[in-house]
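K.L.:
Here is how the chains run, residue by residue.
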Amino acid sequence: MSDRQSSGPTRSAATPPTRSPRRGSGRRGSGRTLALAAIGVVVAGIAAAFAWTAGWLDGDRLTAAGLIDAMEEADSSQPGFRQTHAKGVCLAGSFVGSSAAPALSSARIFAGDVIPAMGRFSIGGADPYGADSTARVRSLALQLGGPSEPQWRMAMNNFPFFAVSSVEGFQQQLQAKRPDPTTGKPDAAAVAAFEASHPEVLDFQQWAKTAPWTDSWANTQYNSVNAFRFTNADRETQVVRWSMRPQAPVVEMDAAQRNAASANYLATELQTRLDDGPLHWDMVVTLAEQGDPVTDPSQQWPSERKQVVVGTLTVTQIAPQSTGACRDVNFDPLILPPGVAGSDDPILAARSAVYAKSFNRRERDIALGHADAATGEEPSP
Amino acid sequence: MSNAGHFNGLARLLHWLMALMILTMLFAGVGMVTSLSARPWLIDLHRPLGIAILLLAVLRLFNRLRNPPPALPDSVPRWQAAAAVASHWVLYGLMLSLPLIGWAMLSAGGYPVSMTASFVLPPIAPHDPTVYAVLRTAHGWLGYLLFATVLMHLAAALLHAWVLRDGVFQAMARGADAPVDDFHR
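For the protein sequence lines, the chains are R and X, in the order given. According to this note's numbering, the first sequence holds residues 357 to 737 in order. According to this note's numbering, the second sequence holds residues 62 to 246 in order.
Source of the hints: derived by calculation from the structure; they are not laboratory data. A quick note: this is a predicted structure, and the numbers were derived from the prediction, not measured. Heads up, the beta-carbon is just placed ideally off N, CA and C, and yes, glycines get one too. Some clues are possibly wrong.
Said to hold, decoys possible - Stretches of chain X that chain R covers, calculated by requiring three or more beta carbons in the stretch to come under 8 Å of a beta carbon on chain R:
1) 98-112
2) 180-187
3) 204-216
4) 222-236
Said to hold, decoys possible - Derived coverage of chain R by chain X (criterion: at least 3 residues anywhere in the stretch with Cβ under 8 Å from a Cβ of chain X; other residues may be distant):
5) 502-510
6) 545-555
In isolation and in its complexed conformation, chain R is listed as follows (with noise of 0.2 Å):
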């Protein structure tokens, strides 16, 4: 095809058609120097702002690399191991809604099958071996959903509302917390100062020290803390926060009882439930009225606020999750269904960017090797 003449009107048939002939068209002079110039501003100009939106300009912006890198000065992690609840199980279990749930949210998981769920509990802190039962926090994360079709992924935690009110002052918190280099503690007065700053992180402070403990993962609530938009089928939305609520009774465990405890306590526990059968929560969804704080987790809603039982968890077994399905996953609370919205809370836009670097990097621990830890087979309890 392309080896044919041109039938142009305008062209003899004896001229090869493919090449305008040389004409000294180009801009010389002043002109030429002007055209260059206004060349490299545009370039320059698009490279600037390709590296402004890069962050490479802007040292003080906040960013997930610096939130995980703070994390990281305060409490250090290890390869291929999640930078916070760096220890846990995966589980595998599934999820099936109730007839209240499709009037608050369209999604799918609510319509009533029994959805396949994998996950993962966990405790708080950066270290892998950390003692079971001495951790305040503790945390499930799910996947609701297969590879092919749209995901629920939660990642929970038994506080009922986050230290902070905002990114910064999580960021700040971190940097409080960072243990001076000549007594291995954090500075008293720059913890003092941060409090002072942030009074919202007392709060949090009472319910760690009041709160019971109870004895498994098994009696635990599981909070989502951020707001979320549900959206029903005709498209009415709700603003909610949500619970997994166990249906196995709560039993504390004292100070005495903690401290006696092996390292990994919890683990070897809910496998002792489990072997005598399945375990269940509920998924409370509690529905927030006009003026209720969206945009700070720190902030609860009144007790007084409506709650919806949407559906039901059970949990049939758990695996190490050295080897575990639960592994290689980022439990991102934004990757979400239809009928399921994230809110405009900052905190949980930061949470997403946050998990997906940590996941990043330790994947990338995993492939270069540098990660047998994380990967072998862990010792049994």
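Given chain R's structure and the hints, the job is docking chain X onto it.
P.N.:
Okay, now just chain X, sitting in the frame of chain R:
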């Protein structure tokens, strides 16, 4: 049928449309790994826009194979013509490979490949940390390579348009039927 010094209509449409799409992708890509608050909507845009570019790039390649581009003028030195050929191999290679790498990367990371909240593409790579890490690293570096190549491409295009004024820019800016000056007759 010879092209009389211009790209055909489909090539021109795809060029300008995809230039806009690709620049958007590059800025969204670099923005979403930096910004905390903008990440959710940037990443929701980045995934489907990437697949749209893949589909259009396939169409564009077919069109280019069926309708070869106009030759460069004699005034362009051989080494520059060679650089132009090389850079277009790179541009097509990246337009086709970057979206596929992104799709495979999400697959290898166990992420749902969401185009919209309800439409999800199937995984095209095994769920594996090494595969994920390699693809994630490649996606980032090739993205930067694409940005650099686009900048050089733009600089060269403006050089032809504003300094050399040799018809090369016009070949993509307008069709053969458009009124031309005496220079091109």
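K.L.:
Holds or violated: the stretch 98-112 of chain X covered by chain R, criterion of 3 or more residues with Cβ-Cβ distance under 8 Å?
P.N.:
Satisfied; 3 residues make the cut.
K.L.:
Given that the stretch 502-510 of chain R was listed as covered by chain X, double-check it with a C-beta distance under 8 Å for 3 or more residues.
P.N.:
holds (count 5)
K.L.:
So is the stretch 180-187 of chain X in contact with chain R by the C-beta rule, three or more residues under 8 Å, or is the coverage claim wrong?
P.N.:
Answer holds; 4 residues pass the 8 Å Cβ test.
K.L.:
Per the coverage rule (Cβ-Cβ under 8 Å, at least three residues), is the stretch 545-555 of chain R covered by chain X?
P.N.:
It is violated: at least three residues are needed, and the stretch 545-555 of chain R offers just 0 whose Cβ sits closer than 8 Å to chain X.
K.L.:
Is the listed coverage of the stretch 204-216 of chain X by chain R valid when you require three or more residues with a beta carbon under 8 Å from a beta carbon of that chain?
P.N.:
holds (count 4)
K.L.:
How does the coverage statement for the stretch 222-236 of chain X fare against chain R, requiring three or more residues with Cβ below 8 Å from a Cβ of that chain?
P.N.:
holds (count 6)
When held up to the earlier numbered hints, the structure conflicts with hint 6 and nothing else.
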